[in-house]
Structure formats: C-alpha cells, structure tokens
Amino acid sequence: MQPRTNEDGLHPVFCTIVPPHVLDKLSHSGDARLADPARRTLEADGLRRNRRRLTALAAAPATPTAGAVPVKPHRTLYDCENGTSLPGRQVRDEGQKPTSDASVNRAYAGLGATFELLLSAYGRSSIDGKGLPLIGSVHYGHEYNNAFFDGEQMVFGDGDGEIFLDFTYAIDVIAHELAHGLTQYTANLRYEGQSGALNESVSDVFGSLVKQYSLGQSAEQADWLIGAGLLAPRVSGDALRSMKAPGTAYDDDVLGKDPQPASMEEYVETEEDNGGVHINSGIPNRAFYLLATALGGNAWERAGQIWFDVLTGGELTATADFAEFARLTVAAAGDRFGERGEREAVLKAWSEVGVPTAE
Amino acid sequence: MLIQVTRTGGFAGISRHHEVDTEGREDATEWESLAQEVLAATPDAPPSGVPDGFRYRITVGDRTVYCADPDLTGAQRTLVSRILKEGA
Ligand SMILES: [Zn+2]
Numbered sequence: 018m019q020p021r022t023n024e025d026g027l028h029p030v031f032c033t034i035v036p037p038h039v040l041d042k043l044s045h046s047g048d049a050r051l052a053d054p055a056r057r058t059l060e061a062d063g064l065r066r067n068r069r070r071l072t073a074l075a076a077a078p079a080t081p082t083a084g085a086v087p088v089k090p091h092r093t094l095y096d097c098e099n100g101t102s103l104p105g106r107q108v109r110d111e112g113q114k115p116t117s118d119a120s121v122n123r124a125y126a127g128l129g130a131t132f133e134l135l136l137s138a139y140g141r142s143s144i145d146g147k148g149l150p151l152i153g154s155v156h157y158g159h160e161y162n163n164a165f166f167d168g169e170q171m172v173f174g175d176g177d178g179e180i181f182l183d184f185t186y187a188i189d190v191i192a193h194e195l196a197h198g199l200t201q202y203t204a205n206l207r208y209e210g211q212s213g214a215l216n217e218s219v220s221d222v223f224g225s226l227v228k229q230y231s232l233g234q235s236a237e238q239a240d241w242l243i244g245a246g247l248l249a250p251r252v253s254g255d256a257l258r259s260m261k262a263p264g265t266a267y268d269d270d271v272l273g274k275d276p277q278p279a280s281m282e283e284y285v286e287t288e289e290d291n292g293g294v295h296i297n298s299g300i301p302n303r304a305f306y307l308l309a310t311a312l313g314g315n316a317w318e319r320a321g322q323i324w325f326d327v328l329t330g331g332e333l334t335a336t337a338d339f340a341e342f343a344r345l346t347v348a349a350a351g352d353r354f355g356e357r358g359e360r361e362a363v364l365k366a367w368s369e370v371g372v373p374t375a376e
Numbered sequence: 003m004l005i006q007v008t009r010t011g012g013f014a015g016i017s018r019h020h021e022v023d024t025e026g027r028e029d030a031t032e033w034e035s036l037a038q039e040v041l042a043a044t045p046d047a048p049p050s051g052v053p054d055g056f057r058y059r060i061t062v063g064d065r066t067v068y069c070a071d072p073d074l075t076g077a078q079r080t081l082v083s084r085i086l087k088e089g090a
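Quick mapping for you: the protein sequence lines, in order, are chains A and Y.
Using our numbering, you'd call the opening residue of the first sequence number 18 and step up by one each time.
Using our numbering, you'd call the opening residue of the second sequence number 3 and step up by one each time.
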C-alpha cells in the first residue's frame, strides 16, 4: 500500500478505498511512515467532505428551508464505555477537535456526511428539516453486535470481533440509522410488514447514497452494498445486504445465507423481525438500484430526489405497502421531471421486481 | 425447567435461538430464580421496540414473555445474554 498525495498536494494520504479499520490500525502503528499518512487520511476525509459541502451549498438553488434554519450540523457524541445507559459520557461536541477514539470520530464524520447530503442535495436541514441536533453514542454494551436508532439518537456497538466489527466502520450504517430519524419525522412508516420493510429500505437507500456522495461515486461506480467492512475477517461474505443483488451479500457457516428476496415472487412471510422488515427490504432496495443505474450519473440526484420527494411529500401513509410507495414514486418522477425518461425508468424498475404500479 | 430465548431483529435481521435445560444442573436454582424474576416483570405482549433494535422472546416452561432493546431491566439483560451465550 503506497501513500499518495492528496488533492491539495499538502501531505501524503492513503487512497480512501483503504477500509477505515485498516487505517485505524495503521494510525496506531509504531511506524511513523505508516501511522502518520493513515491518521491524516482519517482527518482529510472529513476536510474534503466539508469543502465539497461548501461548494455544493454555493451552487444549491434557493429553497424555502435553506437560510431560515441551521445550515450546519450540531453533533454531539457520547461514549457508553461498554455499558448500556444512554447516552453515556459526552466526548465530542460540534466543532471540537477529533478525539483519540476513532469510533467517536467516525460517527461524528458519518453524521456530518448525512447532514450534508440532506442539505446540499435536498435542501433539508437535518432530519426534522429544522436543524435538529444529532446525537450518537458509541461503545454501547459489551461486544454488542448491533446499531440502532432509539427514536432520539443513534447507538453503535463495538461488535464481538468474531462475526461483526465496530458498527461505526461503515458510513452507510451510520447514515442508515440517521435515516430512521428522517423517516420518523416524515412518513413515519410503521415498523412492521411491508411498511416496515419500506422503512428499512429507505434507510438502506439513504445510507448507500451518503456513502456514494462522500466517495464521489456514480451509480455505476458504487458497490451498492450495505455494511461492507462490518463483517469480521473469518466470515464468508462481502456485507450485510446487497441492493444490487439481494440474497448474495453473505453465505457463512455461522451467519447462514443472506435471506433477502430480489423480487415479489420470493417475498418472505414470517413472524420474526416484525414480519421480515430486514428481509423483504431487498425488493424495494433492488428497485432503487435498478432505477439509479438506468438513469446513470449520481444516484442521489434524480433517483434519490424521487425517493426523497415521496418520503417527505405528505402523501405516503404510515401503513403503506410496496405498491402504494411504487405508485407515489411514479407520480413524483412525473411531477419533478415531467415527460422525460425518469417516469418510464421508475415504472420499469418496479416492474422488474414484480411490484404493481397500476391503480 | 426449560428456558428459551429467541432474539430477532437487529440491523442484520439475523435470528438467534438458544435454550438451557436447568434440570440436573448444579446452578439450576440460580437460573430458576433469575427466570422467575424476569417473568414477574416482563409483559406477555411484545413491546413496539425501536428501529434495528433487538427483540427478545423468552419462554420459561409454558409461559412466554417479550422485551426489546434498549429498555431491558438488569435481570432481562442478564438472562438473555447468558442464555444466548451459554445455551445450546
Ligand atoms: Zn434499520
């Protein structure tokens, strides 16, 4: 692995493809030749995002919300110190320097990147549209194999190192949790059955979009995986979910095989997991992937805008099924882009996954 | 006494089921008193839970109760983590 010079030519940084946990290890390495560039990459990633945000803001069209509400995030990070009391001990507030704890810094950066995408791409200030402060807690529990949104804040476990690694390793996971907040403040999709799977899918969609946006990847370049880098080295798999090919993210002795269906014909009826909210989300996830790649370019621009319009538009009911959501995306594509190709592409994407769009 | 715990949900949506049969175990009374403490303070209907939070179904003998992260009591947390770790 060779350090390269970053865009400012100031100092060598590692290519951002290096997973953050590898950078973490390197940044704590006794070898300064490895440790220093690795640490700078972890810091520079944050800087570069900030710069892109300012550029994007300058170019963003005036929206009714921008200007009247905060255009900067207010993030506060807490350390649960392996306990389960929330939020824990405050360790980093907005504007404060990075701490020596990489989990804290990753969560801080991930919350920032999510705030940035919502604002610059959709003109929304934070998850409530009014600049709501963002709260995250890391090191929740002991070897805790999960991350969740408790209605008020994001919570991240360290993983057990056997199956899962630190849940802050994946920026799409951080953004996924925050997107649950976005859904809660907008369509408030009921977390059960198809509306629950839509709730999950919306979080995967915006989670993936935040990752793509922060890496500057087009729909073609994106991996369309959720939780890449989260599985421990001994696990056979690439990630927890694949939006591109649901059902193929992992196949492992301990974890089992990725159970996600890729179309309605394989829809899973189950009592568990609130009716399979993390399973059937594969269907709308793939519809989004199909639309984004059919349109090409940056997925957060047109495909993401259509999904955002439906989520925040006020017509989507809390108990919506896939078909209701699909019909609204068709209407939203027409409203936003007229009789150009977007509406046709939306119809085709849903048809490919077997979700009806006719009334 | 058979104590069973099923954990569902979570970010990964992967279910886990483990159980401990206390019969003949040296620590049977310890398990049973922990189980009784949990039964006494846990509702029979599943709570709504939070997005991506783990949900737990605890069955002790013929009674089943439900709880969900992050609102677990100390006894619930101890029981589910011990069963999921030590149970078959
Ligand atoms: Zn989720």
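Don't take every hint at face value.
[Claimed, not checked] Which residues of chain Y face chain A? A partial, calculated answer using Cβ under 10 Å:
1. T10
2. F13
3. I16
4. L41
5. D46
6. A47
7. S50
8. D54
9. G55
10. R57
11. R79
Source of the hints: derived by calculation from the structure; they are not laboratory data.
Computed from a predicted structure; not experimentally measured.
All residues carry an ideal CB built from backbone N, CA and C; glycine is no exception.
Hints versus structure:
1. This hint holds: T10 of chain Y has a C-beta 4 Å from the nearest C-beta of chain A, less than the 10 Å allowed.
2. A cut of 10 Å between beta carbons decides the hint on F13 of chain Y: the least distance to chain A is about 5 Å, and the hint holds.
3. About 6 Å separates the beta-carbon of I16 of chain Y from the nearest beta-carbon of chain A, less than 10 Å, and the hint is met.
4. Contact between L41 of chain Y and chain A, as hinted, is not supported at the beta carbon level, the nearest pair being about 21 Å apart and thus beyond 10 Å.
5. The criterion of a C-beta within 10 Å of any C-beta in chain A is not met by D46 of chain Y, whose closest approach is roughly 16 Å, and the hint is violated.
6. At its closest, the beta carbon of A47 of chain Y sits 14 Å from a beta carbon of chain A; the interface hint therefore is violated under the 10 Å criterion.
7. The interface hint given for S50 of chain Y holds, since its Cβ lies 7 Å from the closest Cβ of chain A, which is under the 10 Å cut-off.
8. With a least beta-carbon distance of about 4 Å to chain A, the hint placing D54 of chain Y at the interface is held under the 10 Å criterion.
9. Annotation: interface hint on G55 of chain Y holds; nearest CB of chain A at approximately 4 Å, less than 10 Å.
10. Taken as an interface hint, R57 of chain Y checks out: its beta carbon lies about 8 Å from the nearest beta carbon of chain A, inside 10 Å.
11. Below 10 Å, beta-carbon pairs count as interface contacts, and R79 of chain Y has one with chain A at about 7 Å; its hint therefore holds.
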